Structure formats: structure tokens, C-alpha cells
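Using this note's numbering, you'd call the opening residue of the sequence shown number 30 and step up by one each time.
Keep in mind the hints are simulated off the structure, nothing from the lab.
Any given hint might turn out to be false.
Here are the computed lysine to aspartate or glutamate pairs in the DMTMM-like style, where the Cα-Cα straight-line distance is at most 25 angstroms [to be verified]:
| id | residue 1 | residue 2 |
| --- | --- | --- |
| 1 | Lys-165 | Glu-107 |
| 2 | Lys-91 | Asp-217 |
| 3 | Lys-161 | Glu-96 |
| 4 | Lys-225 | Glu-267 |
| 5 | Lys-99 | Glu-129 |
| 6 | Lys-165 | Glu-188 |
| 7 | Lys-145 | Glu-193 |
| 8 | Lys-161 | Glu-97 |
| 9 | Lys-153 | Glu-129 |
| 10 | Lys-101 | Glu-188 |
| 11 | Lys-153 | Glu-188 |
| 12 | Lys-165 | Glu-93 |
| 13 | Lys-99 | Glu-188 |
| 14 | Lys-145 | Asp-109 |
| 15 | Lys-161 | Asp-281 |
With beta-carbon atoms standing in for the labels, derived distance ranges [claimed, not checked]:
| id | residue 1 | residue 2 | range |
| --- | --- | --- | --- |
| 16 | Gln-300 | Trp-240 | 16 to 26 angstroms |
| 17 | Lys-145 | Phe-168 | 14 to 24 angstroms |
| 18 | Lys-161 | Gln-300 | 33 to 43 angstroms |
Computed from a predicted model, the values in this text were never measured in an experiment.
Every residue gets a Cβ at the ideal spot worked out from N, C-alpha and C, and that includes glycine.
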Amino acid sequence: MTKQMQASFVHDKRAYTIFFTATSSTYDEVEEDYFDPMLRSFKFIEQEAGIEIPVFIVTPSKVEVGEEVKIKFEAVNEADAEKTKTFHLVVIPPGTELLEEIDFKTVTLAPDEYVKIEFTFIPKETGEHTLKVEDKFWFIAVDHEKEAGIGILVKTPPEVLEGENFTATVNIDNVSELTILLFRLSYDPSVVKLNKFEKGSGIATSSWSHWYSSQYTGTVTIFAFSDPSGSPVNGSAELARLEFSVVGSAGDRSALDIHGIIGNSDMESIQAIWVDSEVTVIPSEYL
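Work out the full structure: start from the sequences and follow the hints.
The following block contains the structure:
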């Protein structure tokens, strides 16, 4: 003669079932050694079910001392009852393994309710920092203050929506007598797609009629110079405009790395600091 034991548990829309068949002579032993421990494990799972983080975004991942880093995430209650949880933002500074708490927030959520949480971190020293919330973590590179030289930087929105189109511009600050421009910009083609590129407003004149470009997967190279009798660029200006579309998924990120050379009408090189940018893809419903 046999006896049967069965128990079911539903968690996070999944059903878990244990089923035992035992002879009458071994029933008590099976119940004590196998069935009861499984029931206790179900109870443990039920107690542990609670508020989780399905989306975790940190931008930017490369900053200078004193610049803000934004940590954004969604918290959702996956339990079948109201839950309360405190989220702590901690940082591991460079050269140490000690955790430093930066901020914390407490939320109370009903079943299936979610909330968007945002923390801000401002680094005070250079080096690689590790930011951590729960079991989510991210590495932040903190550089020294900008070096001397003419700044040429890629400007993009730090966050872009899934499927969104966005514009990146290449800008120069406080230059004198700029007549020659050559740069290569690289990006991750699995995250963003380059659709179009053109002269920036600062060189969209007849005197900058020489404009050459080449494009390969993940890179675009641009070479431009002004006519000998034309007007050089002085001050700050937009040198190029690039139109991208997002092809990646939420959480993906792409650096827009740029390097090149610039020169003046005497064919002399102008010292420049090339500054990259980065975009992070966020869910289309996030903002």
C-alpha cells in the first residue's frame, strides 16, 4: 500500500510543486527526511520574496572630480503582500575595500507596485570607484581636472530611450584661427546606429567648402578645411552634427570616442583636448 504527499507554492507567477509517493512502511521516514524540509524551503522562499530591482542605470561612468553621477533604478514588489525595504547607496573608494554609505531611501509597496528611485554621487578623488545598491554594482572612473588646451568635446544626452533618435554634436571652445579639422569618432554599432552626419553650424559657410568623410561600421572620419581666402573659426563653435538612432536595449551603453588633430592657417598644429561622451539606453517607459 502506498501513500502520497503533495504541496504547491506560487511565487513570481511560477508554480512550484513537490510530489512524493511512499509505501506505508516508509511514509513517516520520507515525510520527515524529504517532505517537511521541502515545505520549510517553500516557506523560506515566500518570506524572502519582496522588493526587487529589475532596472539599474548609472550615468555617466566617466567623470571628473566634483561632477555628479546619477544612479537610477526601479524597485518592484514581487511578493503577494505589502513590503517595506530600505535601499542603501554605498561606494567603495579607490585603494580600499571599505564601504562608505552615501544615501538611503525607504519605500513601502503594495503587491506588483513599483517606484523609481534616484541617488546622486559626487566623487572627491580620482580613481576607480565602485557604486553598489543591493546586489547591483557599477564601476565609475574619476579623472583629474581637464588638462590645458583647446577643448573639443562630443555633446550627447546622457540617457536615450529605446528606439529613440538623438543628435550628437562636436564642439570646440575658445579656439583661434582654426582652419583645418580632422577627427575620427567611434561608437558601438550594436547600441546606436549612425544615420546622418553634416557640417556643424560653426563651419556651415562657403569658406569651409572642403568637407570629406568616410564611414565604416562603428566609425566615421571627417576631414575639413577652409579656403585660403576664407574666414577661420574663432571662439566657440559647433564643428559637426551627427544623427543617431538607438538599436540597443535598456541598460546598454555606447561610448562616443573622438580623437584627431586641428590646425591654423600657417599649417601649425593647435594643441587640443579631445573629450569623449557616452549614452545609456533606458526603457521607453522610464521617463
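Going down the list of hints, with the structure as the test:
{"no.": "1", "hint": "Lys-165 / Glu-107", "verdict": "holds (17 angstroms)"}
{"no.": "2", "hint": "Lys-91 / Asp-217", "verdict": "holds (17 angstroms)"}
{"no.": "3", "hint": "Lys-161 / Glu-96", "verdict": "holds (18 angstroms)"}
{"no.": "4", "hint": "Lys-225 / Glu-267", "verdict": "holds (16 angstroms)"}
{"no.": "5", "hint": "Lys-99 / Glu-129", "verdict": "holds (17 angstroms)"}
{"no.": "6", "hint": "Lys-165 / Glu-188", "verdict": "holds (19 angstroms)"}
{"no.": "7", "hint": "Lys-145 / Glu-193", "verdict": "holds (21 angstroms)"}
{"no.": "8", "hint": "Lys-161 / Glu-97", "verdict": "holds (16 angstroms)"}
{"no.": "9", "hint": "Lys-153 / Glu-129", "verdict": "holds (13 angstroms)"}
{"no.": "10", "hint": "Lys-101 / Glu-188", "verdict": "holds (11 angstroms)"}
{"no.": "11", "hint": "Lys-153 / Glu-188", "verdict": "holds (24 angstroms)"}
{"no.": "12", "hint": "Lys-165 / Glu-93", "verdict": "holds (23 angstroms)"}
{"no.": "13", "hint": "Lys-99 / Glu-188", "verdict": "holds (11 angstroms)"}
{"no.": "14", "hint": "Lys-145 / Asp-109", "verdict": "holds (20 angstroms)"}
{"no.": "15", "hint": "Lys-161 / Asp-281", "verdict": "holds (18 angstroms)"}
{"no.": "16", "hint": "Gln-300 / Trp-240: 16 to 26 angstroms", "verdict": "holds (24 angstroms)"}
{"no.": "17", "hint": "Lys-145 / Phe-168: 14 to 24 angstroms", "verdict": "holds (23 angstroms)"}
{"no.": "18", "hint": "Lys-161 / Gln-300: 33 to 43 angstroms", "verdict": "holds (39 angstroms)"}
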